[in-house]
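Just so you know, the sequences run in chain order A and B.
With this note's numbering, the residue at position 238 of the first sequence is 468, and numbering never jumps.
With this note's numbering, the residue at position 135 of the second sequence is 365, and numbering never jumps.
No wet-lab data here; the hints were simulated from the structure.
Heads up, a few of these hints could be off.
You can't tell identical chains apart in this list, so a pair holds if it fits in one copy or across any two.
[Stated by the list, open to error] Computed list of lysine-lysine pairs in BS3-like fashion (alpha-carbon distance at most 25 angstroms, straight line): (1) Lys319 to Lys278; (2) Lys402 to Lys392; (3) Lys431 to Lys402; (4) Lys416 to Lys467; (5) Lys416 to Lys453; (6) Lys397 to Lys416; (7) Lys392 to Lys453; (8) Lys431 to Lys467; (9) Lys453 to Lys402; (10) Lys278 to Lys453; (11) Lys453 to Lys319; (12) Lys453 to Lys285; (13) Lys416 to Lys431.
As a plain string of letters, each chain reads:
Number of protein chains: 2
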Amino acid sequence: MKADGMDEKGLSRRQMVIGAGVLAAGTALARFGGWPGLAQAKDGTTEKWPWPYEKLDPATTAELAYQEWYRVFCGAAVISSVFTQLREKVGEPYRSFPVDSFVFLEGGLVGWGTVCGSNAGANIVANLIIGPRIAGADAGHQIGADMLQWYSDTPQPVFMPKEPRVKTELVKTTAESPLCHVSVGKWMQASGKPLGSPERKDRCARVAASVAYHLVELLNDWKDGRYAPASAWSPAKEFGITGQPNCVECHGADIPAPPMAQKT
Amino acid sequence: MKADGMDEKGLSRRQMVIGAGVLAAGTALARFGGWPGLAQAKDGTTEKWPWPYEKLDPATTAELAYQEWYRVFCGAAVISSVFTQLREKVGEPYRSFPVDSFVFLEGGLVGWGTVCGSNAGANIVANLIIGPRIAGADAGHQIGADMLQWYSDTPQPVFMPKEPRVKTELVKTTAESPLCHVSVGKWMQASGKPLGSPERKDRCARVAASVAYHLVELLNDWKDGRYAPASAWSPAKEFGITGQPNCVECHGADIPAPPMAQKT
Chain A
231 MKADGMDEKG LSRRQMVIGA GVLAAGTALA RFGGWPGLAQ AKDGTTEKWP WPYEKLDPAT
291 TAELAYQEWY RVFCGAAVIS SVFTQLREKV GEPYRSFPVD SFVFLEGGLV GWGTVCGSNA
351 GANIVANLII GPRIAGADAG HQIGADMLQW YSDTPQPVFM PKEPRVKTEL VKTTAESPLC
411 HVSVGKWMQA SGKPLGSPER KDRCARVAAS VAYHLVELLN DWKDGRYAPA SAWSPAKEFG
471 ITGQPNCVEC HGADIPAPPM AQKT
Chain B
231 MKADGMDEKG LSRRQMVIGA GVLAAGTALA RFGGWPGLAQ AKDGTTEKWP WPYEKLDPAT
291 TAELAYQEWY RVFCGAAVIS SVFTQLREKV GEPYRSFPVD SFVFLEGGLV GWGTVCGSNA
351 GANIVANLII GPRIAGADAG HQIGADMLQW YSDTPQPVFM PKEPRVKTEL VKTTAESPLC
411 HVSVGKWMQA SGKPLGSPER KDRCARVAAS VAYHLVELLN DWKDGRYAPA SAWSPAKEFG
471 ITGQPNCVEC HGADIPAPPM AQKT
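For reference, chain A alone in the conformation it holds in the complex:
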């Protein structure tokens, strides 16, 4: 059975997801009989998936994300760009979701350079709308993984807003990582622009816009029933530890071998 994205067995992804969903539901019912708070939430509207979704225009969404970056920064900008439109087109539960709380995703979580907030925001949106894999569907989880892979592999920023604050094209760099520190660092190195420069800020605003654009492409595909997962990165299965594909970038040639389960 799959456990926290870290399984080592040969079951198909779908088998694992269904298994986990059924088991989790039973266990939760048994364990939380005494917690009325949880039971009430389960009777509400926000933990029934999928949330109603209407297809959005990727370019409009990207323009919104670009504008919102200058108000709420990367992670919340991606969430806001999708939810602001769905608040209008659909209403609840989008109106009740506290988008602005996610400002803290800036700078890779309060400036600590961990996952780029745009990636975190995209994962939040996909999993709020489609639902978590333990609810029996795995497209949200898969779209989240696709976004990390696409972000890592793509020369960024892709999207050029109609009226950018910085009027020029910007250097594009491929992060080979979903981490803020690595992504921003490589771009700063290639551009020669400091962190506090208008160019770096506009670069990050355009990255958030690019992520919002591609996220909506995938969500629209999912809505049309023609979404197919694009990424197959499964480090737990392949390497016995969670992680990113760029091992040598931190480890050099000296990549430690994790303790592995004995094959039975």
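Based on these hints, arrange chain B on the given structure of chain A.
Showing chain B alone in chain A's frame:
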């Protein structure tokens, strides 16, 4: 003015936060006149901070997080441990928050080994309850940073549940990083236990419980009006880039110098 946790100026944190809040509010109103979706949300209850909070027992919260790890894994377990209790004690807006969507935080975001989900979950809880820094208060942002620092510096797991699934004490390791890959990797190296082992799973469940425990300590302090920030890590100001304190662990002796703004 502070921008995405990445300023380089000498303004005090509080000055920056207040400045950003006032400016952001004005800009948002001007920009989003045509977006009724956002305006409606602003009139609702979920984007008014702080959310009503009642002090919780840290040990009870940790026990809940430990149990919930086996259902929803690290990030959602931390959120659930706090919100399940507040759904009962307070009600809304906790009942409407879709906790289970955050299962994807597992394994450092869908297994990619970025930020440990427990840390992401703790930041989400603090910023949902207290609000984002752009709303004029910075304690949520600060508690989030404190949690990353505490997680990195503390031999983990701290918390021992009353009835652990693995009956023994577990090796404790200090991650010196908030990242899943680094934290789990160091523990696996010290313990010799593989990713799929019951011990590694119980270790991560106890880490989630430890994070939930400390998070509630800080939230209770904040509720009592005696919270004081414990961390002062500001890499953007000190080093000109977002990042973590353990530079040499990835870079070795060859730490690149980011382009810096010219002093005026």
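Quick rundown of the hints versus the structure:
| no. | hint | in the structure |
| --- | --- | --- |
| 1 | Lys319 to Lys278 | both (19 angstroms within a copy, 23 angstroms between copies) |
| 2 | Lys402 to Lys392 | within (18 angstroms within a copy, 53 angstroms between copies) |
| 3 | Lys431 to Lys402 | within (14 angstroms within a copy, 40 angstroms between copies) |
| 4 | Lys416 to Lys467 | between (29 angstroms within a copy, 18 angstroms between copies) |
| 5 | Lys416 to Lys453 | neither (35 angstroms within a copy, 41 angstroms between copies) |
| 6 | Lys397 to Lys416 | within (22 angstroms within a copy, 46 angstroms between copies) |
| 7 | Lys392 to Lys453 | neither (27 angstroms within a copy, 45 angstroms between copies) |
| 8 | Lys431 to Lys467 | between (37 angstroms within a copy, 15 angstroms between copies) |
| 9 | Lys453 to Lys402 | neither (31 angstroms within a copy, 46 angstroms between copies) |
| 10 | Lys278 to Lys453 | within (17 angstroms within a copy, 32 angstroms between copies) |
| 11 | Lys453 to Lys319 | within (15 angstroms within a copy, 38 angstroms between copies) |
| 12 | Lys453 to Lys285 | within (7 angstroms within a copy, 42 angstroms between copies) |
| 13 | Lys416 to Lys431 | within (14 angstroms within a copy, 35 angstroms between copies) |
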